[in-house]
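Novice: Both chains are sitting in their own frames, so use the hints and assemble them into the complex.
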Amino acid sequence: MNEHRRQILQMLSEGKISADEAERLISALEERPSGSSQQDVSDSGTKARPKYLRVQVDSEDDGHEGPTKVNVRVPMQLLRAGVKLAGLIPPQALHRANVAIHEKGIPFDLSQIKPENLEELIDQLSDLSVDVDQKDHATKVKVKVFCE
Amino acid sequence: MIPLVAVVSLRGRESRTLRIWVPLILLWLVIVPLAALFSPLIFVGCLACRIDPFGAFSVGWQILRALNDTEVEIEHRSAGISICVF
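Residue numbers (our numbering), protein chains in the order written: chain A, 1 to 148; chain B, 1 to 86.
The following block holds chain B by itself, in its conformation from the complex (with noise of 0.2 angstroms):
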């Protein structure tokens, strides 16, 4: 299963926490169609690389779905971010 959604922490110096949700599917939404239409390009470019492109295109659909339950925090003094994508 692909990430659907990511949530974006941002506290400030005032404790304050902001907390976004990214709908990730609606990026997918828009990649998939703009991926498809440039398909053709992006299989010449992976030859061209020598880059075999099934291969490309299967290990870059093992890492959209490896990103599930990805986190990452950083804190510094009183201000952080935090992105976990779900």
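The shape of chain A in the complex, shown without the other chains (with noise of 0.2 angstroms):
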């Protein structure tokens, strides 16, 4: 809320509105905070968190190999656990991890998953849907992630 009134002064300070619609602005500002969390209420009312991350993995072969299928269900609450988990490693090994990871190929750094950005991270996962379809000659595979 601060950050939208200092953006407002700063437009009044810089000419780009007028005093009068400075005013409109702020005071529709001071408005707002009952009306969004009312919305608030009722999104979480509506939106259901959800429990589980959903893995599956179809992959048909027409070769020898046949099809192979996997489905795997993680709750959410073990990735919570895992989150903490990793909060607990020591500099050094998260280092070496990093290393590890970077030399990999993957841009990914372990010490930026904090046990604080965790309820962030989970909510945002709610919204996640992946799938990737691949055909080959041969073979098909197909993968969803998804929370449910």
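In short, the hints are calculated from the structure, not lab data. Keep in mind that this is a model prediction, so the values were computed, not measured. Some hints here could point you the wrong way.
Okay, the calculated beta carbon distance ranges per label pair [unchecked claim]:
1) B:Val-72 to A:Asp-127: 18 to 28 angstroms
2) B:Arg-50 to A:Val-99: 12 to 22 angstroms
3) A:Arg-6 to B:Leu-41: 54 to 64 angstroms
4) B:Cys-49 to A:Lys-140: 41 to 51 angstroms
5) A:Lys-104 to B:Ala-35: 27 to 37 angstroms
6) A:Pro-91 to B:Ile-63: 17 to 27 angstroms
7) B:Leu-41 to A:Lys-140: 32 to 42 angstroms
8) B:Leu-37 to A:Gln-134: 46 to 56 angstroms
9) B:Leu-41 to A:Asp-131: 17 to 27 angstroms
10) B:Pro-33 to A:Val-99: 35 to 45 angstroms
11) B:Cys-49 to A:Glu-103: 17 to 27 angstroms
Calculated Cβ distances over 12 angstroms to all of chain B for the following chain A residues [what the hints assert, rightly or not]:
12) Leu-9
13) Glu-14
14) Asp-58
15) Arg-73
16) Gly-105
17) Phe-108
18) Asp-133
Ideal Cβ positions, reconstructed from N, Cα and C, are used throughout, including at glycine.
Specialist: And the structure:
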């Protein structure tokens, strides 16, 4: 909220908006909290938090290998605990793990996984849905990652 | 609640399914006294590795509790394995 107010005041000081417009914008901002909180309540009421992360892999091979199916259901609580476990890893071990990950060509920093950001991460995962279809001449692979 | 039972299903090429109910509670009954016995060693080991032993215990307990409802199924050709933890 303070950020919005500061932006309005900055626009006023730069002459982009008049004093009347700034006053109207600030009063509109002051009216927003009750409306936005009602919206949050309705959102949390309708949108249930996901309980599981599900990974499904379907691979169809026209050759001798035959079809392969993988279906994994991981509780979100396990993800939470896993992130907390990562927070316990000593810095030296994290550094070595990061180096190994970078050597594999994966640009990921394990030290950025922090328990403080855990709920935000879980919230973002609730909207996650990844579908990957790969078709070769003999193989058809379908990967689906989603939350439920 | 920690998981009490794991169900392991094995399916062979003859489409015969072998379902094994593993009473994890018996495993916990064995592990808990052992963990209590070796807790001083675990504590010292954690301190030597610069890991907070209480934090490690807390996270270990959370992982144990979170294992409930975990499900893994792998099928290849006509064979398959499925592990469900309750």
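Novice: With reference to the structure, classify each hint as holding or not holding.
Specialist: Against the structure, the hints:
1. Between Val-72 of chain B and Asp-127 of chain A the Cβ separation comes to about 24 angstroms, which falls inside the hinted range of 18 to 28 angstroms.
2. Restraint check, Arg-50 of chain B to Val-99 of chain A: a C-beta distance of roughly 19 angstroms satisfies the suggested window 12 to 22 angstroms.
3. The supplied range of 54 to 64 angstroms is met by Arg-6 of chain A and Leu-41 of chain B, whose beta-carbon atoms lie about 56 angstroms from each other.
4. At about 46 angstroms, the CB distance of Cys-49 of chain B to Lys-140 of chain A agrees with the hint of 41 to 51 angstroms.
5. One distance hint, 27 to 37 angstroms for the beta-carbon pair Lys-104 of chain A and Ala-35 of chain B, holds here, with the actual separation near 34 angstroms.
6. Between Pro-91 of chain A and Ile-63 of chain B, the C-beta spacing of about 22 angstroms keeps the proposed range 17 to 27 angstroms intact.
7. At about 52 angstroms, the CB distance of Leu-41 of chain B to Lys-140 of chain A disagrees with the hint of 32 to 42 angstroms.
8. Between Leu-37 of chain B and Gln-134 of chain A the Cβ separation comes to about 51 angstroms, which falls inside the hinted range of 46 to 56 angstroms.
9. The hinted window of 17 to 27 angstroms between Leu-41 of chain B and Asp-131 of chain A is violated, with their beta carbons roughly 48 angstroms apart.
10. Judged by the Cβ atoms, the range 35 to 45 angstroms given for Pro-33 of chain B and Val-99 of chain A holds: they are separated by roughly 40 angstroms.
11. Between Cys-49 of chain B and Glu-103 of chain A the beta carbon distance is about 23 angstroms. The supplied range of 17 to 27 angstroms therefore holds.
12. A cut-off of 12 angstroms between C-beta atoms confirms that Leu-9 of chain A is not in contact with chain B; the least separation is 44 angstroms.
13. At roughly 50 angstroms from the closest C-beta of chain B, the C-beta of Glu-14 of chain A stays outside 12 angstroms, upholding its exclusion from the interface.
14. Taking the minimum C-beta to C-beta distance to chain B, about 10 angstroms, the non-interface status of Asp-58 of chain A is violated against the 12 angstroms cut.
15. Consistency note on Arg-73 of chain A: stated as away from chain B, yet its beta-carbon is not over 12 angstroms from all of that chain's, at 4 angstroms minimum.
16. Interface exclusion of Gly-105 of chain A from chain B stands, the closest Cβ pair being 27 angstroms apart, more than 12 angstroms.
17. The beta carbon of Phe-108 of chain A sits about 21 angstroms from the closest Cβ of chain B, which is more than 12 angstroms, so the claim that it is off the interface holds.
18. With 12 angstroms as the threshold on Cβ separation, the claim that Asp-133 of chain A sits away from chain B holds: the shortest Cβ distance comes to roughly 19 angstroms.
Checked against the numbered hints above, the structure breaks hints 7, 9, 14 and 15 and satisfies the rest.
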